[in-house]
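Novice: Work the whole structure out from these sequences, hints included.
Chains as they are written, first to last, in the working numbering: chain L, 1 to 270; chain A, 1001 to 1277.
Take the hints with a grain of salt, since some may be wrong.
[Said to hold, decoys possible] Calculated cross-link-like contacts (lysine-lysine; reagent style DSBU-like; alpha-carbon spacing at most 30 Å):
no., chain 1, residue 1, chain 2, residue 2
1, A, LYS1167, L, LYS188
2, A, LYS1095, L, LYS188
3, A, LYS1142, A, LYS1227
In case anyone wonders, no lab produced these hints; they're calculated from the structure. Please read these numbers as outputs of a predicted model, since none were measured by experiment.
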Amino acid sequence: MEKKKCRPVPVIICAVFIALFLILPLVFVITEAFSDGLAGWWANITERYTVKALKLSLLSMVAAVVINTVFGLFAAWALTRYYYRGQRILNTLIDIPLSVSPVIAGLIFILTFGRSSPLYPLLQQLHISVIYAVPGIIIATVFVTLPYVSREIIPVLNAIGTAEEEAAALMGAGGWKIFRKITLPHIKWSLLYGIVLCTARSLGEFGAVSVISGHLRGRTNTLPLHIEILYNEFQYSPAFAVSSLLVILAIILLVIRSVVEHRGGKNEQV
Amino acid sequence: MDKTLLKRKRIIPGFGLSMGVTIAMLSIIVLIPLISIFWKMAELSIGEFFAVIFHRRTLAAFGVSILCSALAALVNLVMGVLLAWVLVRYEFPLKRVMDGLIELPFALPTAIAGIALTSLTVNTGWVGSVFAKLGIDIAYTKFGIIIAMVFVGIPFVVRTVQPVLEKLDGSYEEAAAMLGAGRRTTFLRVVLPEIRPAALTGFGLAFARGLGEYGSVVFIAGNQPYKTEIASLLIMNQLQEYDYAEAAAIALVMLIIAFVVLFVMNVIQSRAARRAS
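Specialist: Following this line, the structure appears as structure tokens:
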């Protein structure tokens, strides 16, 4: 259908809404972050505890992205390339982390690995601490970002169908070869977007990690938790300086998304 | 025969491996931890469970959570449909930027949204000072909670309605216009019935998201028991006091509400799909 000419009133209402709710907070974070000037900003983000928090955030991000990319590829494959009973249940199970409150996500791991859990004596014997420690933060991050990669790939795999892969299999190609030569070229853009989404979400996770971390400064502090501490100590410009790192990341993410969507759309038409 | 048919469909290799990895991961990361809620709950008798759930403070927290996320989802429903309409039907400068920005609440960490919205809306903030002159407090009231929930919920309605509007054939609207229907009648009688299932789904998703939201709300809410304490914050408080069983009980009720909402959305969607076919 031909695009109608622009009617100004609805567009202006939308623009004002977006400006107030989305753009203003971004502008505010950046303004506050640089309120002490560039040197102050740099001093804030290179402060010792900030760097420690950044390292832990990067560690849990890498773990979540690697685990969820592997899981996402296998899960998407299992859900779209075969027919079997219980397929829909499996699909629903993968999406559960999306509908669970982050606080509950933290709670279930406290209950599973914490002091009241039947697993706790075993973990103690092995000298593994999960709760209030780095493994707990990683596992909570993995839970929260579990569906991100698979959800991006599944619609694409469903759309392209299985004919090409079946033909390749009948001609004797192995699973890895089929995946690399046929499947991967189709899904590469959505896979990339899924990974980027998973990256951003794992760096930004707050609720679940907050429950599980015990707030040990310098030991179990991720960037968002560190921001919370700074903010609650009324250290506003350090809090917003650290925030600005994640805001920049969010903006990069949006740009990549819009590029991926553009490229993906082109690919489908070809 | 059924078996051979199923077997024949599995020409593509890797079934065992991919199913194995999927089910193993789901069990370790999702299923076993979720079951732990029921495990913990078993420590409470039925009487104790209801005592926790129907405690005044719990009911008040659920009231705040449900009221605020419902109102926020309503705002998102109206604005989401309008945004989707504008983005699909109109051409204007910076449209792609606006389209991209819709996704911001997914990309921005909730804690940052929380501190930014709070600092903007306190009585000395950029927005808060304007409202303070009118005698309206935003931060540390239910109004503030709703604003945070509107922020996190924006993308849901837009992203569910947008594809439906894109597929909607303009010829029906043209026909309605030719037959003398005004713009309002055309929208209400022709467009609205088509996008209603998608809009309701978006509403449900935004509602569920608001209900479970923590990071963006905790800063702006003020967290006063009975007034601005939300259910997820109550769980947090109980965890800090090591009342695990009580926390598990409240979590269970929240999970049930979320799943009921999602189930209703699924029913609406599949009904709409059946009607379309």
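Novice: Hint by hint, say whether it matches the structure.
Specialist: Hint check results:
Proposed proximity of LYS1167 of chain A and LYS188 of chain L is supported: the alpha carbons are some 26 Å apart, at most 30 Å. A C-alpha spacing of about 27 Å is found between LYS1095 of chain A and LYS188 of chain L, which places the hinted pair at or below 30 Å, so the restraint holds. Distance restraint check for LYS1142 of chain A and LYS1227 of chain A: the Cα-Cα separation of roughly 8 Å lies within the 30 Å cut-off, and the hinted pair is therefore satisfied.
Of the hints listed earlier, there is not a single one the structure fails to meet.
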